[in-house]
Structure formats: C-alpha cells, structure tokens
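First to last, the sequence lines map onto chains A and B. At position 14 of the first sequence (counting the first as 1) the number is 14 in the numbering used here, and the numbers step up by one without a gap. In the numbering used here, each residue's number is its place in the second sequence (first place is 1) plus 1000.
Among these hints, one or two may not hold up.
[Said to hold, decoys possible] Listed below are the simulated DSS-like cross-link pairs for lysine-lysine, each with C-alpha atoms no more than 30 Å apart in a straight line: (1) K42(A) to K106(A); (2) K106(A) to K1043(B); (3) K45(A) to K1073(B); (4) K45(A) to K1075(B); (5) K1064(B) to K1075(B); (6) K102(A) to K42(A).
[Claimed, not checked] Label pairs and their calculated CB-CB ranges: (7) T74(A) to G1015(B): 40 to 48 Å; (8) S1031(B) to A13(A): 39 to 47 Å; (9) G1008(B) to N93(A): 27 to 35 Å; (10) T74(A) to D1106(B): 19 to 27 Å; (11) D1072(B) to S56(A): 24 to 32 Å.
Source of the hints: derived by calculation from the structure; they are not laboratory data. Owing to the predicted nature of the structure, the values given are computational and were not obtained by experimental measurement. Glycine included, each C-beta is placed from N, C-alpha and C at the ideal position.
Residues per chain are reported as follows:
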Amino acid sequence: DIQMTQSPATLSASVGDRVTITCRASQSINSWLAWYQQKPGKAPKLLIYQASSLESGVSSRFSGSASGTEFILTISSLQPDDFATYYCQQYNNYWTFGQGTKVEIK
Amino acid sequence: EVQLVESGGGLVQPGGSLRLSCVASGFTVSSHYMSWVRQAPGKGLEWVSGIYSGGNTYYAESVKGRFTISRDKSKNTLYLQMNSLRVEDTAVHYCARAQSGVSPFDMWGQGTMVTVSS
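Just chain A, with the same shape it has in the complex (with noise of 0.2 Å):
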C-alpha cells in the first residue's frame, strides 16, 4: 500500500502568510496527487488535481509542485477563508489521505 506522509499537522499563521504544506508518497505515484480543503461539518473540497492544476473555480493563491515523491501545497497569501484543514491524497493506485494539516490563526 501506498502510505501519504504529511506535515505539519498544525500551521499557526497569520492573513496575508505565504504558507507551505509537505507532502511525501512511500513510492512513486507519477504526479497522481490532488490537494483538499476542508472546512468542520463540510465535506472536502478539490483545490489542486494532477500535483499542480488547479481545479476550475479554486483560486489561484492555491498552488501545487512535485519533486519526485515530494509534494507541496502553497497557499500565496492566507485569507481569513483558507483557515481550514488540508488533505493530500494519491490517486495513482486507489486512494490515500495525508494525515491533514490544520491552518490555525496565529
């Protein structure tokens, strides 16, 4: 099985904060790596498919970009809507989840 390492668990950061989420496959997964948002009582929400597309209606403070087994959600200025939780999840055989991020107000 393909396990998804995610990090941090927390973020604690500010509005306007360039902020950065580490994801890591166990093997290759060949850029089959979508980026979530999830908000309490909500289901998840597709921000980024492919590593780095961005899914139609997400805003392009969103990004994403793979180095091998190594993956990264950046969120370019952090809006009071972006605090949520953030899911990476493979897709290249079945589906994993990451472990989640928390982007809290610091």
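Could you slot chain B onto chain A? The hints should help.
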C-alpha cells in the same frame, strides 16, 4: 443540479448491520468511479471502498469481508452494506465521485453519520 445525497446512517450496536445509500443527480453513477470515504470524529479521511464503472469493487483492508459496495442503475444510487460493525467504524461516511481510476474525487456528498455503540 449535480449532487450526491447520502442517507442511512444512525446508531447501531457492535456486531450489527447498516446500509448506506447515496443518490446521484445530474450524472450517471454507473459511468463513474464511485467510492465511500469515512472520517472518524476528530480524525482524518480514510478511503473505504470503491466501485469502478466496469463493476469491479475494491475495499480497504479494515473493512474487507464486512462491507459490500454496490450500485443500482435504475435508481442511480450507490450503496454500502456494512455488516459486523465495530466501535471503530464510527464515522461520517461520504460518497464521492471520480472521473476515472486515476482521478481525484471531484464531487462529494454531505456525509451521513454512523455510530457504533452499545
């Protein structure tokens, strides 16, 4: 409107059974790769089971042999039959859609809560 609506959650005793339903609107369930994903209280997301457009089914090790995923084309509905339920199955259960076997989940339902407790 394109959407997924789950139902069937509730309180059940350990060892009991429950069947979840997920009704799709605006697209055809049998033409997509459908999955169930769960989230225990305060925890992360866990993929539980999937059914491919061709009908092949797949399960996480944690539910293999206890859960069965299926679909009804006439009702455009996805199901999850859950047997031999355990306390650790307590979670919000979401149905989710993928466009193919190598696609993320681009649509999710609102979730239905399953509580396993005596």
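Tested hints:
no. : hint                           : verdict
1   : K42(A) to K106(A)              : holds (23 Å)
2   : K106(A) to K1043(B)            : holds (22 Å)
3   : K45(A) to K1073(B)             : holds (26 Å)
4   : K45(A) to K1075(B)             : holds (26 Å)
5   : K1064(B) to K1075(B)           : holds (26 Å)
6   : K102(A) to K42(A)              : holds (14 Å)
7   : T74(A) to G1015(B): 40 to 48 Å : holds (47 Å)
8   : S1031(B) to A13(A): 39 to 47 Å : holds (41 Å)
9   : G1008(B) to N93(A): 27 to 35 Å : holds (29 Å)
10  : T74(A) to D1106(B): 19 to 27 Å : holds (21 Å)
11  : D1072(B) to S56(A): 24 to 32 Å : holds (30 Å)
In this structure, none of the earlier numbered hints is contradicted; all agree with it.
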